[in-house]
Structure formats: C-alpha cells, structure tokens
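Asks: Protein sequences, first through last, are from chains U and Z. Those letters in the first sequence? Residues 1 to 282, per my numbering, in order. Those letters in the second sequence? Residues 1 to 282, per my numbering, in order.
To be clear, the hints were calculated from the coordinates, so they are not data collected in a lab. Because the structure is a prediction, the values reported are computed rather than measured. Please note that a few of the clues may not be correct.
[Unchecked claim] With a straight-line cut-off of 27 Å between C-alpha atoms, the simulated BS3-like cross-links for lysine-lysine are: (1) U/Lys8 - Z/Lys236; (2) U/Lys8 - U/Lys274; (3) Z/Lys274 - Z/Lys236; (4) U/Lys236 - Z/Lys8; (5) Z/Lys274 - Z/Lys8; (6) U/Lys236 - U/Lys198.
[What the hints assert, rightly or not] Covered stretches of chain Z (in silico footprint by chain U; criterion: 3 or more residues with CB under 8 Å from a CB of chain U, positions within the stretch not fixed): (7) 3-9; (8) 56-67; (9) 249-256.
[Unchecked claim] Here are a few chain U residues that sit away from chain Z, every Cβ distance over 10 Å (derived from the structure): (10) Gly11; (11) Ala86; (12) Val88; (13) Ser110; (14) Leu226; (15) His242; (16) Gly243; (17) Ile244; (18) Met250.
Cβ coordinates follow ideal geometry from the N, Cα and C atoms, glycine included.
Number of protein chains: 2
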Amino acid sequence: MQPIERIKEFGGWLNRYRHASTACGCEMTFSVYLPPQAETGRVPAVYWLSGFACTDDSARTRIGAQRDAAELGLALVMPDTSPRGAEVPDLPDRDDLGQGAGFYVNATQSPWETHYRMYDYVTRELPALVEQELPLMTGMRSIAGHSMGGHGALICALGNPGMFWSVSAFAPICNPSLSGWGRQCFSAYLGDNRENWKDYDATCLIESGASAPPLLIDQGTDDEFLADQLHPENLKAACERHGIPCNLRMREGYDHSDRFVATFIGEHLAYHAKALGLMRDG
Amino acid sequence: MQPIERIKEFGGWLNRYRHASTACGCEMTFSVYLPPQAETGRVPAVYWLSGFACTDDSARTRIGAQRDAAELGLALVMPDTSPRGAEVPDLPDRDDLGQGAGFYVNATQSPWETHYRMYDYVTRELPALVEQELPLMTGMRSIAGHSMGGHGALICALGNPGMFWSVSAFAPICNPSLSGWGRQCFSAYLGDNRENWKDYDATCLIESGASAPPLLIDQGTDDEFLADQLHPENLKAACERHGIPCNLRMREGYDHSDRFVATFIGEHLAYHAKALGLMRDG
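Using the sequences and the hints given, assemble the complete structure.
Replies: Next comes the structure, spelled out in structure tokens:
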C-alpha cells in the first residue's frame with residue numbers, strides 16, 4: 001500500500017494509495033479520507049462507490065462528503081470503479097463498459113474474467129487491507145454510492161448480510177437486468193444466461209429472499225436516466241412484497257449529476273453515522 | 001445573456017450563461033448560483049474569482065460553496081478567468097499566461113490589449129448585467145477568490161472603494177510585482193514600465209493609500225507556492241503601516257489546492273453575509 005498523495009481537508013487528511021490487487025490482478029488506486037477523530041482513535045468507515053467514468057478521485061474532488069465526515073467522525077473509503085492499466089481489457093471509446101465501468105461484479109467471461117472482479121475487491125480485499133493498515137474500526141462499515149455505484153452499494157449490502165451496518169444510494173440502477181446499461185455489462189461480464197445475473201441485481205436479490213438492512217434511496221425527479229435505466233419502483237415493490245423497509249425519496253427537480261449527490265450527501269452520512277453508533281439521538 | 005445549463009443544487013439553481021462581452025470583445029461564459037431565497041426576493045451576491053487554468057465551471061463543481069450560499073441566502077457570481085475563443089491570443093502550452101490566466105487586469109500591450117480586459121469585465125460589465133437580469137440586490141456585493149483570483153478580489157476591492165462591502169482571499173498573490181507569476185503576466189499584459197503595474201498590485205495599492213474594507217486572508221502553511229509567489233507578509237506589513245485591518249490566518253498543514261478552499265469557504269461566506277447585512281448577530 002504505497003501512499004501517492006496526502007492533502008489536508010476539513011482538519012483531517014485525504015490519502016491516496018496504490019497497491020497490487022490480488023482480486024483484480026493489477027495495480028489499483030484508492031482514496032481514504034480520515035477525519036480529525038482518527039488521529040486519536042479508530043473510526044468507522046463509509047465505503048463510497050462511484051458511477052460510470054469515475055475514478056477514486058471523482059467523489060473526493062466533486063461531492064464534498066469530507067466536510068460531513070469530519071463533523072461526524074467517519075472515514076470515507078473510495079475505490080476506483082474498475083481495474084486499470086495497459087494489460088486490462090478496455091473499450092476506450094465507451095464510458096459504460098470496460099475501464100471505468102466495472103459494474104461491481106466478478107466477471108466470468110473472456111476477456112474480462114481475469115481482472116474485472118470488483119465485487120471481491122470491494123467486499124473482501126479492500127476492507128481487509130484498510131482495516132489492517134489504517135485507523136479504522138474492524139467491521140464497522142456502511143456503504144453508499146451513485147448510479148452504477150448505487151447499484152454496487154445495494155448488491156454488496158444485500159449479498160453480504162452483516163457486512164455493512166447500513167446502505168444508501170443516489171439514483172441507483174435498481175434492476176439492471178431490465179436496464180440497457182445493466183444488460184450490456186451483464187452480457188459482457190457474465191454471459192447471456194440471465195440466471196447468472198440475479199446475484200448482481202438488487203431487485204432480484206430482494207425477490208429471492210436476501211436479508212437486508214433498511215434501504216435509503218434518493219432519486220431526482222428530473223433525472224434524465226430515470227425512466228429507462230434506474231427502475232427504483234421495481235426495487236420498492238420487491239421490498240414491499242418481502243417486508244424490507246425501503247425509504248425511496250423522490251427529490252423534485254434534481255437531475256442525475258454529482259450536484260444532486262452533493263446536495264444530499266450530508267443526510268446520507270448522518271444516516272450511516274447513526275447506524276454505526278456515532279449519533280445516538282440523531 | 002443566453003442560458004446554457006441549469007442544475008438544481010441545495011434547493012437553489014446553478015445557472016450558466018453565455019453572452020457577447022463588450023469589455024472582452026468575445027463570447028464569455030459565467031455561472032451564477034441562486035439560493036432558494038432568490039425565488040421570493042432579491043439577494044446579495046458574492047463574486048468568486050478563480051485561479052490559473054480554471055473556468056467558470058471550476059469553483060461550482062469543486063469547492064462546494066453552494067451549500068453555504070443556500071443556507072445564508074447569498075448568490076454566487078462566478079466569471080471565467082480570461083477571455084476565450086479561437087480569435088483570442090493564447091499560449092496553449094502555458095497555464096499561467098494567456099487563456100485561463102487573464103490576471104484580472106486591463107491589458108495595454110499587443111497582442112493582448114483587445115480582449116484581455118478582465119478588470120473592466122469583473123468590476124463593470126458583469127455586475128451591471130447580472131444585477132439587471134437576475135434577482136440580485138443592486139450594489140449589494142462582496143468579492144472573494146483563490147490564488148490569481150485572490151489577487152483579483154483584492155485589487156478589485158482596493159481599486160473601487162464602496163463597490164464591494166467586503167473582500168476575502170485564499171492564498172492570494174499579494175504582491176505580484178515581486179512574484180514570478182505576476183511579473184510575467186504584468187510584463188506581457190502591461191509592458192515593462194513597473195509604474196503601470198502598481199494599480200494591479202494589492203500591496204502597492206495599500207502603500208499608495210487606497211481605502212479598503214478590512215481584509216480577510218486564509219493561507220496554508222504547506223502551500224507549495226507560499227515562499228516564492230504569494231508574499232502575504234508584504235501585504236500584512238503594508239496594511240499595518242496604513243492602519244488597515246488585515247486578518248491573515250496561517251492554516252497549519254494546508255496546501256494551495258481547492259481542497260484548502262473547500263475547507264474554509266463556509267467561514268468566508270459567513271463573513272461576507274454578515275458584511276452584507278444577512279447575519280446581524282453572527
């Protein structure tokens with residue numbers, strides 16, 4: 001875990017690291033924000049998963065979550081969105097498949113299966129690494145994300161009961177088996193047998209009885225991708241059928257951009273802080 | 001004034017406009033954030049001047065000032081950092097001269113003098129335009145900026161008594177006549193006669209008796225440009241000699257980046273809100 005950048009923000013420190021990833025079989029870069037409270041003790045962490053075309057750098061420079069994390073005493077763990085490098089398969093003219101679009105799955109199909117293992121990276125390798133090397137409380141984790149990363153947060157929480165204390169998402173791809181983005185990523189990474197897609201589709205996971213913490217989802221009403229790609233109504237209906245609380249908040253006038261995320265990230269981090277025991281009265 | 005983008009943020013609206021600028025003799029783009037309070041009445045404005053290589057887009061996407069502006073009821077007016085376009089002289093491989101580096105002066109030297117008139121643009125044309133077209137209170141303005149833009153904020157306030165109710169800066173170029181960045185921009189835009197530089201050098205303006213509101217300056221101690229380019233100690237000494245309050249705060253461990261600005265922008269906007277009469281007790 002090689003430090004590559006260190007910047008003081010809001011009294012704490014943004015650290016970027018590079019490391020040789022076993023899961024992805026390549027060098028990976030990630031960012032961790034440590035709040036001021038981490039100088040005197042271990043802190044819980046929120047994992048943040050970004051959307052298409054983002055890197056570990058995108059959220060930390062554009063969303064402003066560090067301000068709330070510093071106030072609440074939360075670390076932010078921000079992985080990249082895919083494996084990277086010259087040896088990693090890519091479609092350079094596509095934002096929604098290949099590098100920058102790992103879709104948080106473990107690929108099984110050629111040529112993707114060697115490196116595109118973001119599910120294992122996010123749920124196994126990265127937590128073990130950062131909890132060993134940084135002042136983070138072991139096992140005290142929540143997860144959140146935006147768009148493709150909102151999908152990632154939901155499937156990581158639904159597929160790993162007990163691993164994350166709370167989960168939230170902004171404009172997530174809630175039922176990727178029915179979305180153009182999801183179908184092309186699933187076909188490429190997992191093949192055409194739709195049975196193999198179900199473990200990576202939040203709505204299907206709920207339908208097949210996954211246990212889950214309550215879901216918090218913010219969705220802009222003016223999101224240009226809402227009608228064709230996101231399907232929050234399918235996830236909400238599945239949750240109702242299975243008795244899982246799903247707080248889907250439709251936000252009037254907001255679009256799909258990171259400005260929407262910036263507006264409500266403070267509320268999401270406060271929600272996670274409460275789940276992680278930091279705000280007993282919140 | 002042609003609207004080109006409109007995004008909901010923090011309950012208010014970020015609007016981008018393009019217009020034919022008389023001062024700069026080209027099309028200019030700027031951004032204005034209108035807080036929720038602007039839907040029911042006119043609001044005061046803080047003008048934000050960015051640094052080298054920025055556009056009107058940089059601050060709005062990276063600093064997070066909209067959050068505080070929404071809470072306080074302030075508009076943010078964010079101009080570009082230079083004239084733009086194929087017809088505008090440029091040095092494409094330079095970040096610190098030409099397009100993206102107008103240095104907030106009125107150029108007098110060829111080939112710059114036709115378009116590089118950012119001082120007139122920021123202090124004359126833009127305020128008149130936005131106060132006519134948008135729900136802004138006439139004459140209720142403050143100004144702030146970062147690096148080259150901190151220099152710009154200081155000289156615009158010092159050179160135009162009564163125009164801005166308050167001024168603040170992050171890591172400003174305080175004495176550009178003595179800085180490498182300042183000397184090359186002044187030589188190119190204003191020529192080699194240093195007498196003509198003094199109207200655009202904050203320390204020289206103070207020394208020559210400019211009246212000024214109190215100055216608020218934040219400066220990181222780990223700023224990589226502090227020793228060679230910024231010279232806040234010269235400005236502070238000039239203010240002391242002339243009885244002008246200068247609150248220079250050295251911020252331990254912070255660098256020159258926009259993450260430093262993001263950390264303290266809330267304090268600066270609260271300072272301006274108080275000067276503009278929005279926070280009587282602050």
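Asks: Hints first: check each against the structure and report whether it holds.
Replies: Right, here's what the structure says about each hint:
no., hint, verdict
1, U/Lys8 - Z/Lys236, "holds, 25 Å"
2, U/Lys8 - U/Lys274, "holds, 26 Å"
3, Z/Lys274 - Z/Lys236, "holds, 23 Å"
4, U/Lys236 - Z/Lys8, "holds, 25 Å"
5, Z/Lys274 - Z/Lys8, "holds, 26 Å"
6, U/Lys236 - U/Lys198, "holds, 17 Å"
7, 3-9, "holds (count 3)"
8, 56-67, "holds (count 5)"
9, 249-256, "holds (count 3)"
10, Gly11, "violated, 8 Å"
11, Ala86, "holds, 26 Å"
12, Val88, "holds, 28 Å"
13, Ser110, "holds, 38 Å"
14, Leu226, "holds, 14 Å"
15, His242, "holds, 33 Å"
16, Gly243, "holds, 34 Å"
17, Ile244, "holds, 30 Å"
18, Met250, "holds, 13 Å"
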